[in-house]
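J.: Build out the structure end to end from the sequences listed, making use of the hints.
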Amino acid sequence: MDLFLQYFANGIVTGSTYVLVAVGLTLIFGILGVVNFAHGEFYMIGGYAGVFSVSVLHLPILPAIGLVLAAAAVVGLVAEVILYRPMKNRDATSSIISSFGLAVVFQNAALAVMGSQPQRLDLDVSRIPVLSHLPTEFGPVFLPQQRTLLPVAMVLLIALLYLVLRYTWTGLSLRAMAQNTTMARLCGVRVERVAVVTFMVGAALAGIAGMLMSSIFFVYPIVGNMIALKAFTVVILGGMGNVAGAAVAGLLLGVTESLTSAYISNAARDIVGFVFVILVLLFRPQGLFGRSVDRS
Amino acid sequence: MVVSLNDTILMWEIPIMSQLSRRNLLVILGGTLAAPAIVRAQSSDALKIGGMLPLSGAASIEGRQILLGLQFAVEEVNAKGGVLGRKIELVIEDDEGNSTKGVTAVRRLIERDKVPFIVGTYASAVAAAASKISAEYKIPMLSGGSTAAIVTDGNTLGDPWFFRSWPDSNSQGEDTAKAIVQKFKKTKVAIIHDNTNYGVTLAEQVTRVVSASGGAIVSRDGYNAGEQDFSTMLTRIRSLHPEAVYIGGWAGDGANIVRQAAEVGLKAQFVGSGSMISDDFIRLAGPASEGFAVASLYEMSTPNPVGKAFGERFRSRFNQDANTFSSLGFDSTSIGIEAMRRAGKADGQDIQKMLKSGMKDFPIVQGPPGITAAFNDKGSVDFPNFIAIIKDGKRRIDV
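In the order they appear, the protein sequences are chains B and G. Its first residue numbered -3, the first sequence is counted upward by one per residue in my numbering. Its first residue numbered 764, the second sequence is counted upward by one per residue in my numbering.
Simulated from the structure, these hints should not be mistaken for laboratory data. Backbone N, C-alpha and C fix where the C-beta goes; we use that ideal spot for every residue, glycine too. There's no promise every hint is true.
Not the full set, but computed from the structure, chain G residues with beta-carbon under 10 Å of chain B [said to hold, decoys possible]: (1) N958; (2) Y986; (3) N987; (4) E990; (5) Q991; (6) D992; (7) T995; (8) N1019; (9) Q1023; (10) G1028; (11) R1046.
T.: In structure tokens, the structure reads:
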């Protein structure tokens, strides 16, 4: 039982990353209809921005997060200009292929600038005010502070996103866009601005996840590949465009993978998620928590 | 990319040299030439040898370490006046760790630069493809880091054209596995390996060797290369209380596993595959790498006096420690140059004959004391690998 709790906690930590990456992905799809295969690269760039600000510039954690957000905003802007603006009136396949291209460009740029060797973010938790006082043992479960940070950050960011979507004018226009672009435009929503904001939010969430994860794991140019695949899994499980669904499905996938690795075989952990996806697509295409999103 | 060590070579001289050697030309012209011209002609009349390594791409870190060994060997020979009365010029081609590029590089070195032998390359797949070409041209190759058995197994028995002055990957795995039971006296072994051919082959070998020498395998886990989260797998392995954990895979993944094992409190003797010899491994794994064991061909603390002297000269030249990579580059290059000197001319076939049987007294810097370039019928030099242990952030073989 003690071991089970530990496995469960490990799953929640990785699941939190999936949530952060997938929520951005599902937002971009739900609001703009763009299937963004470069989303894993947002994560990768966030990781490198974190390494750069902490290990090279020696910034404390909050300014470092600010720099990661700034980098993410720029990347989001670039992605919007390339993937959405010129192609919004074209077939969806154009932006899909274009996003593949963008992913390759980002990966090779990272390879050229940062090199192929993995990098690590040395996050000195003892110097971070609140975090250093967190316990590392919760009953039988052991979690280093860097790991605890992930679910905490995930909950805070998703709560913030919820508040923005629910109570602000920007949130209202995002939701209006998701429901009906033409109608939203008629009602005075500035579609271009919404598109930029959406990409920036998506890139920021993935970037923060990349930064936090590179203090536990490593960051390297193609690190985003697997993360993007996992995020797509989560988005499909949760229902394309469904933010709450993505949040639940992300945690579910993390825990499922952890338990598979623990009780079946570590080699099978990546298979499980994709088997789920195929089953869901076959039998419940609107996702596990699906209201089917009807786009006109 | 071409790196030329000897910038004194003048481009316009190449066509002349191809028809008439510079020396003969000087004889014909007799003493009528002014002295400065003779001096310049002699220094530019360099003997080219070939080098081929991945200097860009995924293996560029290793490639550049190996390159230092090649350059150092050439520098030392030139400082002593060169070979056959001529200075050596090292012509380097970048194969990018790519077989197609490697084949082109070998052709270019042989056809354009007329090198009598080639040191290269690091990636075994590239070495396998390139050595077939060089054998057709009757130009011997000396490994630039390739360790896979398939490359020397590809040689015709008794008539090798690809020479590797250290043991192959099979014996590396074998020595590592034996060390778990014999050196560290651990009998309960957990195996973690990536799902590539490399990782799976090593896992099977370790299973076989450990079982045969009286140990038991308590678990065997595969992972996908590049996977990030090992905490759950390691937590489960911890509950099995293994005495030793063997990791077969790439260095980055190995470092990740070692770090996360420390986090989850899995305490055991960690032993890794040959790929984890790099200093990057220590940098990435951090303090968690202390006590980690890996097979090694060369360390600064080697008991081999030839190797130790090499390490000291290398450090004073480059201001950094020699390692497995620089030492193997140095050995391959100096063996090639010495074979050429003994053969008496810069001819591929004569050098190959000399490498096959005439180098048995030539000491090398890798391996235990007394190892010489005595190549066997497969073109390999077999000796036991060192088992290096990481202590205070450095690999040591004397602990």
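J.: Hint by hint, note whether the structure agrees.
T.: These are the hints, each one checked on the structure:
For the restraint placing N958 (chain G) at the interface with chain B, the shortest Cβ-Cβ distance is roughly 6 Å, inside the 10 Å limit, so the hint holds. Interface hint at Y986 (chain G): satisfied, since its Cβ lies 6 Å from the closest Cβ of chain B, which is below the 10 Å cut-off. The beta carbon of N987 (chain G) is positioned within 10 Å of a beta carbon in chain B (closest approach about 6 Å), and the interface hint is therefore held. Against a cut-off of 10 Å between C-beta atoms, the interface hint on E990 (chain G) holds, since the closest Cβ of chain B lies about 8 Å away.
Taking 10 Å as the C-beta contact cut-off toward chain B, the hint placing Q991 (chain G) at the interface holds, the least distance being around 4 Å. Checking D992 (chain G) against chain B by beta carbon gives a least distance of about 5 Å; that is within 10 Å, so the hint holds. Look at T995 (chain G): its Cβ gets to within about 4 Å of chain B, closer than 10 Å, so that hint holds up. Satisfaction of the interface hint for N1019 (chain G) is found here, the shortest Cβ-Cβ separation to chain B being roughly 6 Å, below the 10 Å cut-off.
Nearest Cβ of chain B to the Cβ of Q1023 (chain G): about 8 Å, under the 10 Å cut. The hint holds. A least Cβ separation of about 7 Å between G1028 (chain G) and chain B falls short of the 10 Å threshold, and the interface hint therefore holds. For R1046 (chain G), the suggested interface contact is upheld, since its CB lies about 8 Å from the closest CB of chain B, less than 10 Å.
Hint check: no violations occur; every hint is consistent with the structure.
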